[in-house]
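Residue numbers (the numbering used here), protein chains in the order written: chain A, 186 to 527; chain B, 2 to 251.
Just so you know, these hints were derived from the structure itself, not from any lab. Treat the hints loosely; a few may be bogus.
Here chain A is said to cover these stretches of chain B; the calculated rule only asks that three of the stretch's residues, wherever they fall, bring their Cβ under 8 Å from a Cβ of chain A [as the list claims (entries may be wrong)]:
1) 64-75
2) 82-91
3) 105-117
4) 122-136
5) 154-165
Now the in silico label distances, taken between C-beta atoms and shown as ranges [to be verified]:
6) B/G17 - A/N305: 25 to 33 Å
7) B/T4 - A/N305: 57 to 65 Å
8) B/R122 - A/N276: 40 to 48 Å
9) A/K226 - B/I88: 33 to 41 Å
10) A/N305 - B/E193: 51 to 59 Å
11) B/R73 - A/I296: 17 to 25 Å
Using N, Cα and C, we set each Cβ at its ideal position, and we do this for glycine too.
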Amino acid sequence: MTKSELNPAVANGLKARQRWHPAEVVFWLIAFSSYFLLPGKHLILNEIAILALFAISLDLILGYAGIVSLGHAAFLGFGAYAAALFAKHINPDPLIGLAFGTITTTLLGFITSFLVLRGNDLTRLMITLGVALLLNELANQLGWLTGGADGLQGVEMAPLLGMFRFDMFGRTAYAYSLITLFVMFLIARRISYSSFGLSLNAIRDNSLRASAIGIPVNRRLIAIYTIAASFAGVAGSLMAQTSQYASLDVLSFEKSADVMLVLVIGGAGYLYGGMIGAVVFKILQDWLSALTPQYWHFWIGLILVIIVLIGRERMSQGVAGIVASFKRKTPAAPGPAAKAEG
Amino acid sequence: MATVLETVGLEKRFGGLVATSDFNFKLEGGERHALIGPNGAGKTTLINQLTGVLPPTAGKVLLMGEDITHLRPDQRVRRGLARTFQINQLFLQLTPLETIALAVTERMGHGNSWWRPVGSRAGITDEVAEIAGRFHLGDVLGEKTISLPYGRQRLLEIAVAFAARPRVLLLDEPAAGVPESERHDILAAVAELPREVTVLLIEHDMDLVFSFAERITVMVNGAQLTAGTVDEVSHDPRVRAVYLGEADHG
Ligand SMILES: Nc1ncnc2c1ncn2[C@@H]1O[C@H](COP(=O)(O)OP(=O)(O)O)[C@@H](O)[C@H]1O
Ligand SMILES: [Mg+2]
Chain A
186 MTKSELNPAV ANGLKARQRW HPAEVVFWLI AFSSYFLLPG KHLILNEIAI LALFAISLDL
246 ILGYAGIVSL GHAAFLGFGA YAAALFAKHI NPDPLIGLAF GTITTTLLGF ITSFLVLRGN
306 DLTRLMITLG VALLLNELAN QLGWLTGGAD GLQGVEMAPL LGMFRFDMFG RTAYAYSLIT
366 LFVMFLIARR ISYSSFGLSL NAIRDNSLRA SAIGIPVNRR LIAIYTIAAS FAGVAGSLMA
426 QTSQYASLDV LSFEKSADVM LVLVIGGAGY LYGGMIGAVV FKILQDWLSA LTPQYWHFWI
486 GLILVIIVLI GRERMSQGVA GIVASFKRKT PAAPGPAAKA EG
Chain B
2 MATVLETVGL EKRFGGLVAT SDFNFKLEGG ERHALIGPNG AGKTTLINQL TGVLPPTAGK
62 VLLMGEDITH LRPDQRVRRG LARTFQINQL FLQLTPLETI ALAVTERMGH GNSWWRPVGS
122 RAGITDEVAE IAGRFHLGDV LGEKTISLPY GRQRLLEIAV AFAARPRVLL LDEPAAGVPE
182 SERHDILAAV AELPREVTVL LIEHDMDLVF SFAERITVMV NGAQLTAGTV DEVSHDPRVR
242 AVYLGEADHG
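I would like the entire structure built from these sequences, with the hints used as guidance.
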């Protein structure tokens with residue numbers, strides 16, 4: 186097969202990678218229509234949107250770059266405290282506070298990224314876990330600043346854009362979180378189809394080969410870890426701002442474990458897994474904790490074991506074929522020219 | 002022809018085992034050079050040191066006269082030194098299209114670009130098509146690498162290295178483990194590598210080595226047994242004794 190015969194197949198194949206799948210469009214139509222169709226549920230929808238963004242953040246390092254973390258709440262919590270403190274002491278404007286929470290968390294991500302470069306999965310799990318525990322204890326000890334175990338009280342946000350007050354029904358909150366989630370998703374999606382994003386997949390699959398084609402592996406890992414931290418910082422800021430409160434449990438091990446669970450439920454490595462997982466997780470949490478308030482983690486644990494044993498792939502195919510169609514779309518088959526046996 | 006790749010007193014020890022011992026070796030620009038020796042002679046370990054995967058215990062590696070002994074693997078690739086692996090090292094969840102496009106993008110220096118989609122740059126499509134055609138991967142471009150037959154994976158293994166447009170290409174047993182029926186494609190692709198690429202080939206098939214190489218280096222127990230033209234080496238009784246004897250039952 187000659188080069189000119191292959192040219193269209195290559196061009197189409199590369200273009201098809203980032204094309205919007207109809208299922209994606211449907212997904213976002215549903216997400217946005219939920220605002221109007223479920224007016225009584227804005228509070229929980231807001232929580233779902235924030236959890237979804239947090240899960241996208243973990244997906245960027247876990248699903249794309251293959252970095253496991255059991256302490257991702259470090260960034261969520263840091264963003265939450267940064268945004269809450271900023272609103273309380275400096276400026277109550279949500280967008281300025283969001284920027285502040287994001288930038289400071291990004292810095293934390295950059296600094297801690299050097300810790301996850303070395304070692305295998307197990308050392309990474311321990312290090313990320315350790316960093317989160319450390320921050321948790323720090324926030325506990327700095328009671329004068331963070332409110333310690335009582336949480337940070339007295340955070341009052343100014344209206345969004347000077348117009349929309351944060352109401353007790355979560356109307357403003359959900360609109361704010363959902364739009365932010367969408368914008369951050371678009372950025373994540375763009376990154377995932379860039380050559381940088383592809384190089385992360387390469388590192389995840391085989392870092393030895395990645396370096397053998399000229400990829401500076403460590404620099405790419407630093408970059409994505411920092412980017413992921415900024416995503417978690419956005420989620421944390423949203424969380425603190427829309428609840429006008431920050432407490433130690435945003436930094437807890439449970440938060441880190443929950444977001445891992447969300448990705449296990451929804452699947453890692455295609456961005457939508459975090460969002461679908463967040464919806465399922467929150468609904469389950471809501472439902473199970475209404476059923477058995479004290480023991481809902483028992484049921485979540487059971488579900489986790491079942492998912493891992495049965496295999497998420499098979500289950501999601503059984504439950505809804507559509508989930509499968511979201512998954513890493515196999516890049517479009519090459520054009521007819523390429524199909525003919527060469 | 003100028004020397005493109007050179008080792009000076011290279012030595013590698015794994016604990017008590019000497020895997021490379023005072024190895025002095027030169028690759029001349031554009032030549033076809035074969036590195037042969039029985040299993041465990043230290044050929045792969047040598048490649049690992051040349052490419053920066055393993056640090057040598059002593060000695061130097063020079064590329065175009067520059068000391069690259071302390072450079073990272075990716076830095077060496079960007080200076081024109083690429084390799085393939087004896088055991089496939091591929092991106093199993095990616096497609097050959099993505100793999101080759103990524104390698105080309107990295108070589109062009111755009112790998113860091115986190116905003117522009119892969120393939121949105123001029124020239125990438127042409128080059129990926131050229132490489133896919135050269136290595137007979139045109140009909141499987143969109144399939145996941147993990148699902149490719151082994152022979153195709155071996156071709157991709159070379160294609161990825163070639164996509165770095167190296168000046169020096171080190172091929173570590175490119176046809177290893179490939180069934181007889183599929184060997185031809187791989188060997189043909191190796192034979193058709195452009196002349197401006199200097200090639201070092203590790204291979205056990207003597208017929209292939211003699212037809213491909215201009216010069217041969219023989220390695221035994223980490224040391225250089227002899228080096229010379231195909232004629233010289235093939236008539237060297239020590240080579241026949243050590244290597245060819247071993248190959249018969251290895
Ligand atoms: N990472 C390593 N650690 C310890 N020993 C090694 C390592 N890599 C290779 N060796 C040993 O070094 C010797 C040379 O191996 P290798 O370079 O793979 O030989 P060849 O490629 O010529 O078959 C063998 O004895 C092998 O067991
Ligand atoms: Mg070997």
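Against the structure, the hints:
Chain A is given as covering the stretch 64-75 of chain B, and this holds because 3 residues of the stretch bring a CB closer than 8 Å to a CB of that chain, at least three being needed. By the rule of at least three residues with a Cβ nearer than 8 Å to a Cβ of chain A, the coverage given for the stretch 82-91 of chain B holds, with 5 such residues. Counting residues of the stretch 105-117 of chain B whose C-beta sits closer than 8 Å to any C-beta of chain A gives 10, which meets the bar of three, so the coverage hint holds. Given a C-beta distance limit of less than 8 Å, the hint that chain A covers the stretch 122-136 of chain B holds, as 8 residues qualify and 3 suffice.
Counting residues of the stretch 154-165 of chain B whose C-beta lies closer than 8 Å to any C-beta of chain A gives 4; at least three are required, and the coverage claim holds. As the Cβ distance of B/G17 to A/N305 is approximately 26 Å, the hint placing it in 25 to 33 Å holds. Separated by about 39 Å at the C-beta atoms, B/T4 and A/N305 break the suggested range of 57 to 65 Å. Taken as a hint, the range 40 to 48 Å holds for the pair B/R122 and A/N276, whose Cβ atoms sit roughly 42 Å apart.
Take A/K226 and B/I88: their Cβ atoms lie about 54 Å apart, and the range 33 to 41 Å is violated. For the pair A/N305 and B/E193, the supplied restraint of 51 to 59 Å is violated, since their beta-carbon distance comes to about 40 Å. Range check, B/R73 to A/I296: about 22 Å between beta-carbon atoms, so the 17 to 25 Å window is met.
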